[in-house]
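Participant: Protein sequence lines, in the order shown, are assigned to chains A and B.
In this text, residue positions in the first sequence follow the working numbering: the first is 1, and each later residue adds one.
In this text, residue positions in the second sequence follow the working numbering: the first is 109, and each later residue adds one.
Among these hints, one or two may not hold up.
[To be verified] With a straight-line cut-off of 30 Å between C-alpha atoms, the simulated DSS-like cross-links for lysine-lysine are:
| hint | chain 1 | residue 1 | chain 2 | residue 2 |
| --- | --- | --- | --- | --- |
| 1 | B | Lys149 | A | Lys95 |
| 2 | A | Lys26 | B | Lys149 |
| 3 | B | Lys174 | A | Lys69 |
| 4 | B | Lys128 | A | Lys56 |
| 5 | B | Lys128 | B | Lys149 |
| 6 | B | Lys122 | A | Lys95 |
| 7 | A | Lys95 | B | Lys163 |
| 8 | B | Lys128 | A | Lys26 |
| 9 | B | Lys174 | A | Lys70 |
| 10 | B | Lys149 | A | Lys70 |
[Unchecked claim] Residues on chain A that point at chain B, a partial pick, calculated with CB under 7 Å:
| hint | residue |
| --- | --- |
| 11 | Asn31 |
| 12 | Ser39 |
| 13 | Gly42 |
| 14 | Leu43 |
| 15 | Phe92 |
| 16 | Phe98 |
| 17 | Gly101 |
In case anyone wonders, no lab produced these hints; they're calculated from the structure.
Even for Gly, the Cβ is constructed at its ideal location relative to N, Cα and C.
Letter by letter, the chains look like this.
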Amino acid sequence: SQQGEEDPQALSIQEGENATMNCSYKTSINNLQWYRQNSGRGLVHLILIRSNEREKHSGRLRVTLDTSKKSSSLLITASRAADTASYFCATFAQKLVFGQGTRLTINP
Amino acid sequence: GAVVSQHPSRVICKSGTSVKIECRSLDFQATTMFWYRQFPKQSLMLMATSNEGSKATYEQGVEKDKFLINHASLTLSTLTVTSAHPEDSSFYICSESTGAATDTQYFGPGTRLTVL
Numbered sequence: 001s002q003q004g005e006e007d008p009q010a011l012s013i014q015e016g017e018n019a020t021m022n023c024s025y026k027t028s029i030n031n032l033q034w035y036r037q038n039s040g041r042g043l044v045h046l047i048l049i050r051s052n053e054r055e056k057h058s059g060r061l062r063v064t065l066d067t068s069k070k071s072s073s074l075l076i077t078a079s080r081a082a083d084t085a086s087y088f089c090a091t092f093a094q095k096l097v098f099g100q101g102t103r104l105t106i107n108p
Numbered sequence: 109g110a111v112v113s114q115h116p117s118r119v120i121c122k123s124g125t126s127v128k129i130e131c132r133s134l135d136f137q138a139t140t141m142f143w144y145r146q147f148p149k150q151s152l153m154l155m156a157t158s159n160e161g162s163k164a165t166y167e168q169g170v171e172k173d174k175f176l177i178n179h180a181s182l183t184l185s186t187l188t189v190t191s192a193h194p195e196d197s198s199f200y201i202c203s204e205s206t207g208a209a210t211d212t213q214y215f216g217p218g219t220r221l222t223v224l
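Next comes chain A alone, as it looks inside the complex (with noise of 0.2 Å):
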């Protein structure tokens, strides 16, 4: 399976620090994309980085990729109590494939 895993499953952090999440995957992919959804709610993309791309920067995300250990890595600084979410990294070969997710609290 391609599934990714993600880690670590539940993250609870104080307002202000960083968050880092990680996804690790089994195949070749064309790209990895991290999406968030909040509670019952539907996903919203956040970035997309391609197999030929190494880090990539969007506001106060930062999302790295190493193809050759099959990984990625989302960060969020300076975290707010409204990233509070859960968090899914998805890859992309021929079809979306989403990770089991992490449930990010920022505590205010």
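Dock chain B against the given chain A, drawing on the hints supplied.
Facilitator: Positioned in the frame of chain A, the structure of chain B alone reads:
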């Protein structure tokens, strides 16, 4: 990004009934649509992929006769859960893409189905 709507946002039905969920593209023509299901505190699992005017391609383990998908136009796809049972209770999410770039998907807000 594109705007995708789903209707209804939540539905409660009795066991044995059929439920139709609509997925609409509000501002672009969606060549390909995808249906996912998500159990509580779990990840999204792709159920099927459909292209406008053709039959849907179902993922392994998904019963095509139970989960009927119709993609009759470029702006509307429907998922009908037939003879629903409590184990079908889940969060169903659709997504759409344009052209050949199916890596760029726009997700709907999801439909919460509860079967009593």
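Participant: Take the hints in turn and mark each one as holding or not.
Facilitator: So, going through the hints one by one against the coordinates:
no., hint, result
1, Lys149/B - Lys95/A, "22 Å, holds"
2, Lys26/A - Lys149/B, "22 Å, holds"
3, Lys174/B - Lys69/A, "40 Å, violated"
4, Lys128/B - Lys56/A, "40 Å, violated"
5, Lys128/B - Lys149/B, "24 Å, holds"
6, Lys122/B - Lys95/A, "33 Å, violated"
7, Lys95/A - Lys163/B, "17 Å, holds"
8, Lys128/B - Lys26/A, "36 Å, violated"
9, Lys174/B - Lys70/A, "36 Å, violated"
10, Lys149/B - Lys70/A, "24 Å, holds"
11, Asn31, "6 Å, holds"
12, Ser39, "10 Å, violated"
13, Gly42, "4 Å, holds"
14, Leu43, "4 Å, holds"
15, Phe92, "4 Å, holds"
16, Phe98, "5 Å, holds"
17, Gly101, "6 Å, holds"
Violated hints, listed in ascending order, are 3, 4, 6, 8, 9 and 12; each of the other numbered hints is respected by the structure.
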